[in-house]
Amino acid sequence: MAEYFWLIPLLPGASALALLLFGRRLSRTWVAWQASAAVFASVILSKAAFLHLARTSDGASGLSKTLLPWIASGSFSTSISFHLDELSAVMAVVVTGVGFLIHVYSAGYMAEDRNHSRYFAFLNLFTFFMLVLVMASDIVLMFVGWEGVGLCSYLLIGFWFERPAAAKAGMKAFIVNRIGDAAFIIGILIILASVGSASFAVINDAPRSGLLSAGLVTLVAILLFVGATGKSAQIPLYVWLPDAMEGPTPVSALIHAATMVTAGVYMVCRLSGLYAASVPASSVVAWVGGLTAVFAATMALVQNDVKRVLAYSTISQIGYMFIGCGVGAYAAGMFHLVTHAFFKSLLFLAAGSVIHALGGEQDMRRMGGLKKHLPVTFPVFLVGALAISGVPFLSGFFSKDAILTSAYAGGHYVLYGLGLAGAILTAFYMFRLIYMTFYGDERTPRAAENHIHESPWTMTVPLVILAVFSALVGLIGLPVFFGEKANLFGRFLEGVFGPAAHHLALSTETVLVLAATLSALLGIGLAFIFYRRSPDVPVRLADRFPGIYRLLLGKYYVDEAYDAVVVRPLVRGAELVYEHFDLKVIDGALDGSAAAAGLAGKGLNVLQSGLVRDYALAFLMGAILFLGFLLIGAP
Amino acid sequence: MIPASAFFILAALLFVLGVLAFFIKKDLLTQFMAVEVMLNAGNLAFLALAKTLGKADGQAIVLFVITVAAAEAVIGLAIIVLVFRQRKSIRTDDLKDLKG
Numbered sequence: 054m055a056e057y058f059w060l061i062p063l064l065p066g067a068s069a070l071a072l073l074l075f076g077r078r079l080s081r082t083w084v085a086w087q088a089s090a091a092v093f094a095s096v097i098l099s100k101a102a103f104l105h106l107a108r109t110s111d112g113a114s115g116l117s118k119t120l121l122p123w124i125a126s127g128s129f130s131t132s133i134s135f136h137l138d139e140l141s142a143v144m145a146v147v148v149t150g151v152g153f154l155i156h157v158y159s160a161g162y163m164a165e166d167r168n169h170s171r172y173f174a175f176l177n178l179f180t181f182f183m184l185v186l187v188m189a190s191d192i193v194l195m196f197v198g199w200e201g202v203g204l205c206s207y208l209l210i211g212f213w214f215e216r217p218a219a220a221k222a223g224m225k226a227f228i229v230n231r232i233g234d235a236a237f238i239i240g241i242l243i244i245l246a247s248v249g250s251a252s253f254a255v256i257n258d259a260p261r262s263g264l265l266s267a268g269l270v271t272l273v274a275i276l277l278f279v280g281a282t283g284k285s286a287q288i289p290l291y292v293w294l295p296d297a298m299e300g301p302t303p304v305s306a307l308i309h310a311a312t313m314v315t316a317g318v319y320m321v322c323r324l325s326g327l328y329a330a331s332v333p334a335s336s337v338v339a340w341v342g343g344l345t346a347v348f349a350a351t352m353a354l355v356q357n358d359v360k361r362v363l364a365y366s367t368i369s370q371i372g373y374m375f376i377g378c379g380v381g382a383y384a385a386g387m388f389h390l391v392t393h394a395f396f397k398s399l400l401f402l403a404a405g406s407v408i409h410a411l412g413g414e415q416d417m418r419r420m421g422g423l424k425k426h427l428p429v430t431f432p433v434f435l436v437g438a439l440a441i442s443g444v445p446f447l448s449g450f451f452s453k454d455a456i457l458t459s460a461y462a463g464g465h466y467v468l469y470g471l472g473l474a475g476a477i478l479t480a481f482y483m484f485r486l487i488y489m490t491f492y493g494d495e496r497t498p499r500a501a502e503n504h505i506h507e508s509p510w511t512m513t514v515p516l517v518i519l520a521v522f523s524a525l526v527g528l529i530g531l532p533v534f535f536g537e538k539a540n541l542f543g544r545f546l547e548g549v550f551g552p553a554a555h556h557l558a559l560s561t562e563t564v565l566v567l568a569a570t571l572s573a574l575l576g577i578g579l580a581f582i583f584y585r586r587s588p589d590v591p592v593r594l595a596d597r598f599p600g601i602y603r604l605l606l607g608k609y610y611v612d613e614a615y616d617a618v619v620v621r622p623l624v625r626g627a628e629l630v631y632e633h634f635d636l637k638v639i640d641g642a643l644d645g646s647a648a649a650a651g652l653a654g655k656g657l658n659v660l661q662s663g664l665v666r667d668y669a670l671a672f673l674m675g676a677i678l679f680l681g682f683l684l685i686g687a688p
Numbered sequence: 005m006i007p008a009s010a011f012f013i014l015a016a017l018l019f020v021l022g023v024l025a026f027f028i029k030k031d032l033l034t035q036f037m038a039v040e041v042m043l044n045a046g047n048l049a050f051l052a053l054a055k056t057l058g059k060a061d062g063q064a065i066v067l068f069v070i071t072v073a074a075a076e077a078v079i080g081l082a083i084i085v086l087v088f089r090q091r092k093s094i095r096t097d098d099l100k101d102l103k104g
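For the protein sequence lines, the chains are A and B, in the order given.
With the first sequence counted from 1, adding 53 to any position gets you the working numbering.
With the second sequence counted from 1, adding 4 to any position gets you the working numbering.
Among these hints, one or two may not hold up.
To be verified - Capping the alpha-carbon separation at 25 Å, the derived lysine to any residue pairs in SDA-like fashion look like this: (1) 103(B) to 659(A); (2) 655(A) to 101(B); (3) 30(B) to 288(A); (4) 221(A) to 130(A); (5) 103(B) to 666(A).
Said to hold, decoys possible - Facing chain B, from chain A, some residues (calculated, C-beta under 8 Å): (6) 419; (7) 566; (8) 570; (9) 661; (10) 665; (11) 673; (12) 686.
To be verified - Partner residues aside, some chain B positions facing chain A, computed with beta carbon under 7 Å: (13) 96; (14) 100; (15) 102; (16) 103.
Simulated from the structure, these hints should not be mistaken for lab results.
C-beta atoms are modelled at their ideal positions from N, C-alpha and C, and glycine is treated no differently.
Okay, chain A solo, but in the shape it has when bound (with noise of 0.2 Å):
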């Protein structure tokens, strides 16, 4: 079955393309079902595939299939064609697996909105632009997967576009990207410029075979990074994501968290060789990763929505990724984003279960003691943040256990340092939400607390689903502790990133375990301490320092110093072009011929009087003259 791989995204792709035609006409369980059954016809494919590599894997090349020639001009060509190896299969069986949950959660959570068909739509052509992504076998294609789901996000987030603040966070969201993507096509056509060639095999050869010089590799690494982190939402363009956060909950588990924010992690691992040839590029996107990580980090303390902690949360383990891929982990940092999808998903869903039983409530402050109204949610939620916060033995833990380790081993002990303290604000964030959501007095207003109900089957199987695989998925990816062939996950990528490269003694590893155990305690402890056990203590520290609680609160005013730098004065220069240009010279162009026309009438307006008499003499004086004309003009 595994040849049958390039309908992984062109089963997704039809079904969006059936439903944006007739969705209208069809009823909301078939729309629902049909969504959900062409995502699961592709986890089915992706798995196949999946497990046809990991038998063969010996480093072969992987699958390939080129479905239709596209561009040829002079001397480059490229076609469609999709390739599958082991980088892209794990990403392609995330990708349709939270997919097809996220579906399937989507089928209760959406089943009163007025455009279901529109929603599922979307989410199907989101995923097929994603797994094109995923699966392209050059650049090109990538690109065309990439800009697929930015539209795609821009559409869902701004879904429910009647709301203002929705219509705006979808332009920002877009806005932000374009500038991303502006740096990225420039990469891509350095590339094609002197490479020659889109295809990522060649791409990532050619530091080696000098087609790039170090100069240009480093240069076209840093701007394709400058892509990633618009879409990837890390500094400085991470300001879209959680305003993205008015979309639809699901939509955030799988867009906005899950996949199509890991795509330029994704993008880095795919052209690991371009990145592993230039230090210099390596370093930036190991240290623009690490200050996210922990500058996200602080900002998720104090917010008080709940989608919006999750979201801050999101960017900065995105930035852990970033660790990874600029150490030279690859793999680690893959790792940690097949867990950080499980869990984050799980989170997100769990949240928008948590939003669905309280009606469209998001703020922390207004929630409290909800354990007992939901059992279902509390737990697979609880899971979710212990497998994030990376307490021992859930998923979370070993993925940001292999990312630290492989940081320290490389001797960046300072992006070491940085990734602890994340570590602690993580674990210290995800429970003062748990504290706040599900502990506590009930803050919920009368009204809603009346109907507080656990949701329908349909959200709570994919919550526990994804809350057995945010446990254990983890077991894929063991430390070196548990033997030498325990991580699985990190030989079965070796054939793309070639074998790890550093490796530290045994009880530096268990030190470095133990560090992070212990900051993921504390973190969780801290929590107890401020919201559980003196809930004043977070009070009196705002009131003690009210300088850093106010940074904290308005985002370190990143929003608004980009709106005085830049939103503002190009607002203001297009006002000015347009009081000046098209006020003036444009308008007054146009204005100035119809008023010539218009004197022009006037003046020979004189001509018309009316009077039979002045016409008859014009046609005489006519006659005469044509006469006389004759008359001389004949000899």
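We have chain A; now place chain B onto it with these hints.
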């Protein structure tokens, strides 16, 4: 035998008379009659040419002109009558609504 030039001179005099009448007179009916005079001056010139050239073409054209003039007189007089009914006047100086 009357020389041909006499016919031409008479035709030219008649034509100039018609033109002058058209410009001097101010009521539509008289101006219309002036137009008829000019038409007939033209007819006379055609007939004189037919005689001097010894061809029948000029006579044929004159028959056409007389026919057309009859039709034109019918329509022209009808218009003048209708204008008079509407405006109680056929002075061309009063009929200058179509000015720019």
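Structure-based check of each hint:
Annotation: proposed proximity of residue 103(B) to residue 659(A) holds, straight-line Cα distance about 9 Å (limit 25 Å). Between the alpha carbons of residue 655(A) and residue 101(B) the distance comes to roughly 17 Å, so the proposed pair stays at or under 25 Å and holds. Annotation: proposed proximity of residue 30(B) to residue 288(A) is violated, straight-line Cα distance about 92 Å (limit 25 Å). Among the hinted pairs, residue 221(A) with residue 130(A) is inconsistent with the structure: their alpha-carbon atoms are about 39 Å apart, more than 25 Å.
Of the supplied pair hints, the one linking residue 103(B) and residue 666(A) holds, its CA atoms being roughly 13 Å apart against a limit of 25 Å. For the restraint placing residue 419(A) at the interface with chain B, the shortest Cβ-Cβ distance is roughly 76 Å, beyond the 8 Å limit, so the hint is violated. Annotation: residue 566(A) was flagged as interfacial toward chain B, and the flag is violated, the nearest CB pair being 98 Å apart, outside 8 Å. With a cut of 8 Å, the hint placing residue 570(A) at the interface with chain B is violated, because the nearest CB-to-CB distance is about 96 Å.
For the restraint placing residue 661(A) at the interface with chain B, the shortest Cβ-Cβ distance is roughly 4 Å, inside the 8 Å limit, so the hint holds. Look at residue 665(A): its Cβ gets to within about 5 Å of chain B, closer than 8 Å, so that hint holds up. Look at residue 673(A): its Cβ gets to within about 7 Å of chain B, closer than 8 Å, so that hint holds up. Taken as an interface hint, residue 686(A) does not check out: its beta carbon lies about 21 Å from the nearest beta carbon of chain B, beyond 8 Å.
Of the supplied interface hints, the one on residue 96(B) holds, with its beta-carbon coming within about 5 Å of a beta-carbon of chain A, less than 7 Å. Hint status for residue 100(B): holds, given a least beta-carbon distance of 3 Å to chain A, under 7 Å. Satisfaction of the interface hint for residue 102(B) is found here, the shortest Cβ-Cβ separation to chain A being roughly 5 Å, below the 7 Å cut-off. The interface hint given for residue 103(B) is met, as the beta carbon of that residue sits about 3 Å from the closest beta carbon of chain A, less than 7 Å.
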